[in-house]
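Q: Spelled out from the first residue to the last, the chains are:
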Amino acid sequence: MDMPLPNAAILDRKMRIVELLQNVLGKDGVIFDPAETRAYECDALSAYRCPPLCVVLPRTTQEVSAVLAVCHAENVPVVPRGSGTSLAGGAMPTADAVILGVSRLNAVLETHYGDRMIRVQTGRTNLSVTGAVEQDGFFYAPDPSSQLACAIAGNIAMNSGGAHCLKYGVTTNNLLGVTIVLMDGTIVELGGGHMDAGGLDLLGVVCGSEGQLGVVTEATLRILPKPEGARPVLIGYDSNEVAGQCVSDIIKAGVLPVAIEFMDRPCIEATEAFAKAGYPMCEALLIIEVEGSPAEIDEQLTLIKDIAQRHNPVELREAADADQAARIWLGRKSAFGAMGQINDYMCLDGTIPVSQLPFVLRRIGEMSKEYGLGVGNVFHAGDGNMHPLILYNANTPGDLEKCEAFGADILKLCVEVGGCLTGEHGVGIEKRDLMTVQFAPVDLDAQMAVKDVFDPKWLLNPAKVFPLAASAQRRAG
Amino acid sequence: MIRPETEAELAEVVAGATGPFRIIGGGTRDYGRPVAGADLSAAGLSGITLYEPGALTMVARAGTSLAEIEAALARENQRLPFEPTDLRSLLGTTGTPTIGGVFATNASGPRRVQVGAARDFLLGVRYVDGKGAVVKNGGRVMKNVTGYDLVKLMAGSYGTLGVMTEVSFKVLPAPEAAATMTLPVSDTSTVISALSAAVGSPFDVSGAAWANGQVVIRIEGFSASVAYRADRLSALLAPFGAVEVETDAAAVARHWAAIRDVASFAQAPGDVWRLSCRPSQAAALVAQLGAEEVILDWAGGLVWARVARGTDLRQRLTGFTGHATLVRAATETRGAIPSFHPEPPAVAALSKGLRAKFDPKGLFNPGIMD
Chain A
0 MDMPLPNAAI LDRKMRIVEL LQNVLGKDGV IFDPAETRAY ECDALSAYRC PPLCVVLPRT
60 TQEVSAVLAV CHAENVPVVP RGSGTSLAGG AMPTADAVIL GVSRLNAVLE THYGDRMIRV
120 QTGRTNLSVT GAVEQDGFFY APDPSSQLAC AIAGNIAMNS GGAHCLKYGV TTNNLLGVTI
180 VLMDGTIVEL GGGHMDAGGL DLLGVVCGSE GQLGVVTEAT LRILPKPEGA RPVLIGYDSN
240 EVAGQCVSDI IKAGVLPVAI EFMDRPCIEA TEAFAKAGYP MCEALLIIEV EGSPAEIDEQ
300 LTLIKDIAQR HNPVELREAA DADQAARIWL GRKSAFGAMG QINDYMCLDG TIPVSQLPFV
360 LRRIGEMSKE YGLGVGNVFH AGDGNMHPLI LYNANTPGDL EKCEAFGADI LKLCVEVGGC
420 LTGEHGVGIE KRDLMTVQFA PVDLDAQMAV KDVFDPKWLL NPAKVFPLAA SAQRRAG
Chain B
0 MIRPETEAEL AEVVAGATGP FRIIGGGTRD YGRPVAGADL SAAGLSGITL YEPGALTMVA
60 RAGTSLAEIE AALARENQRL PFEPTDLRSL LGTTGTPTIG GVFATNASGP RRVQVGAARD
120 FLLGVRYVDG KGAVVKNGGR VMKNVTGYDL VKLMAGSYGT LGVMTEVSFK VLPAPEAAAT
180 MTLPVSDTST VISALSAAVG SPFDVSGAAW ANGQVVIRIE GFSASVAYRA DRLSALLAPF
240 GAVEVETDAA AVARHWAAIR DVASFAQAPG DVWRLSCRPS QAAALVAQLG AEEVILDWAG
300 GLVWARVARG TDLRQRLTGF TGHATLVRAA TETRGAIPSF HPEPPAVAAL SKGLRAKFDP
360 KGLFNPGIMD
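Going line by line, the protein sequences match chains A and B. The numbers in numbering that gives the first Met the number 0 rise by one with no breaks, and the one at position 50 of the first sequence is 49. The numbers in numbering that gives the first Met the number 0 rise by one with no breaks, and the one at position 188 of the second sequence is 187.
FYI, nobody ran anything at the bench for these hints, they're computed from the structure.
Think about it this way: if two alpha-carbon atoms lie no more than 30 Å apart in a straight line, the pair counts; the simulated BS3-like pairs of lysine-lysine are:
1) A:Lys-456 with B:Lys-360
2) A:Lys-251 with B:Lys-135
3) B:Lys-135 with A:Lys-411
4) B:Lys-351 with A:Lys-456
5) A:Lys-456 with B:Lys-130
6) A:Lys-166 with B:Lys-135
7) A:Lys-166 with A:Lys-251
8) A:Lys-304 with A:Lys-251
9) A:Lys-368 with A:Lys-411
10) B:Lys-356 with A:Lys-456
11) A:Lys-456 with B:Lys-135
Rough simulated footprint, nothing fancy, chain A against chain B, three-plus residues with beta-carbon under 8 Å:
12) 104-118
13) 137-149
14) 161-173
15) 195-204
16) 213-227
17) 315-328
Selected chain A positions facing chain B (in silico; Cβ < 10 Å):
18) Ser-159
19) Gly-160
20) Val-169
21) Thr-171
22) Val-187
23) Asp-200
24) Ser-208
25) Gln-211
26) Glu-227
27) Val-246
28) Lys-251
29) Val-254
30) Glu-290
31) Gly-418
32) Val-449
33) Val-464
A quick note: this is a predicted structure, and the numbers were derived from the prediction, not measured. Yeah, the Cβ is synthetic: ideal placement off N, Cα and C, and Gly gets one too.
The following block holds chain A by itself, in its conformation from the complex (with noise of 0.2 Å):
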């Protein structure tokens, strides 16, 4: 993984800019101390890590604002945080970057019930943000996996999903406005309580910019009152292409599920070794789960029952009660974790049309043989939204490599069949450089030129999502 080589005036100066952050922030905002800046080195994506310059933990808004017009008159690249839980290495700093982390800013400003709304800093924990609210019934949708640690800042940077967007949608369909901050300390709020931006969306845009167009420092959420209650029901195939066929066939019967997951053999058995679920030996098991009072559970369940008998399942198990149900979810919850329990695996992130699942899942295990490495699939099937994990040894010399490559052979495919690179998780520093199998030099020009405006001298963040010769030029300045 190339990274630009750090700008050796701005190392010279480090105890320079480190004084001038500690006037803005005092002795307690900025880390810089190598021992004690450790900790953000890498996020998720831990193969590849960095020290930073120094880390600054801001506690408002005026003091984000501070620190950003300090660096950009010092022309020192700024790397935003949130809780460093990105799978694609969009919070990795480069040696000459100021490592901005907002996990002080974790308060909720407002909470409004009849606006249906929470106004929150983006420092909070995405499950923390339902905590606030779900005592008088409500929720917020988007549930990343790692919601129990990510921020909604990196939420909104990554514009992230999870298991129930195919019902309530991803981050951005959940945003109702923010305070951004720019990288020269200018304070913009875009969007608000109202449902419609006025002018251009740019509130659309900076969500999923991965934080290279400005620090979001507080966020104005949708939140929604709680179905009365769901339940799921367990289905096993023989086939990956009769599983693909049933989902599609319960799409076209009119049912909306909050969640339709799918996992493939090889995920079956490395979670039921680990999480000992129940769960039936088959090629491929959905996991289909509705939402609604109880009878209206039930008619759904029925039809989509019916339309699963009609493909023969293997297994088809539903929840009678809470306990079956937890047990039904336990394995996939658990899934990431099974896989980990085998080997090291790295996490892809592709979207494809879902009538080319069949498809895809087996040029998969072509591949999976060609490069003689294991690899399972777990992902959100109504969507098309993949997670092929492929297994490697990270202390075999290669292994990495060759685990890279695999990974980037099926991005390829899933572009070649009308998907693309990454669904929820983001380019970061991992997708980088297959930005050009997606996108044509026009079209990430395009892209570019919304930093140009946003942040001209291209400091924030800069040497992520577009690939680096891409970006050469403008981070030259």
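Once you've looked at the hints, dock chain B against the given chain A.
A: Chain B only, in chain A's frame:
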């Protein structure tokens, strides 16, 4: 009128252009500051290029008529979930609405309160930028965070960033049944309380409006579920007034089409404004408007106001944090009063910067959003 038949032809027209264009789809949503320029129609770029009902996605050229899209979806028992407005009767226009025009104006109807706006369903775009280059962004899958989301930026940009040539979008199943609950309520604060109670319930309300002195609530879904929720909502709303339930599908559809298209303003005189606000601020806002007639949608988050001709409604508002758009007025009024809500300087600078990048020669609908 310039009416290219292909994307390449359109790109050529733009690349060779020296003067500005007035970009038109069907020409049915004629509002914003009047644009001086040669009419450039995208209606020649027509046809559905891909439809996968099992994947809930469709791809169509931007000039495809909304009617053609809706007919194709209806054959598979699906629909555009965001319920695009048809403003022809309100604005006195006569063209044929196009799918490109729907997305370029982010034209969302009553269901916005449940499923989101037009922009939430737009998955991918192809457009010609101001230099005549064909650019693509997004794609045809529901989850896609590959690169910046220019799709959102194009939605609601009124043609000012590029001329869309193709759009891909998410669709949803049409429901088996629907019901409307109506109850007479006159006091605006009580109206907002009733609307908030409905959308704050777990009963999946797909429309929450107030028109002609009535709170109007819609639910949709499978028949038994609709019947169950109609009962529960009727009980929930009973303290606000006598609830009547309508379950005839055609009657429900007619009622909501009238709300969606602001039908009661169509034949009445005066200017029409559209205000986006926090529902909790709607009652105070309505009191400030001094409007001849008001319709509330989106549970109070959208206020349609009919006022005397030439009124600068924004002058009457204090403490307003949303935005007010002038939708119907005489040409001279649209020239004198900004149609779109003036933006704070920092936001305006970003918007101006983006337009200068996407359309450096200022060819596309110059000034329409000022």
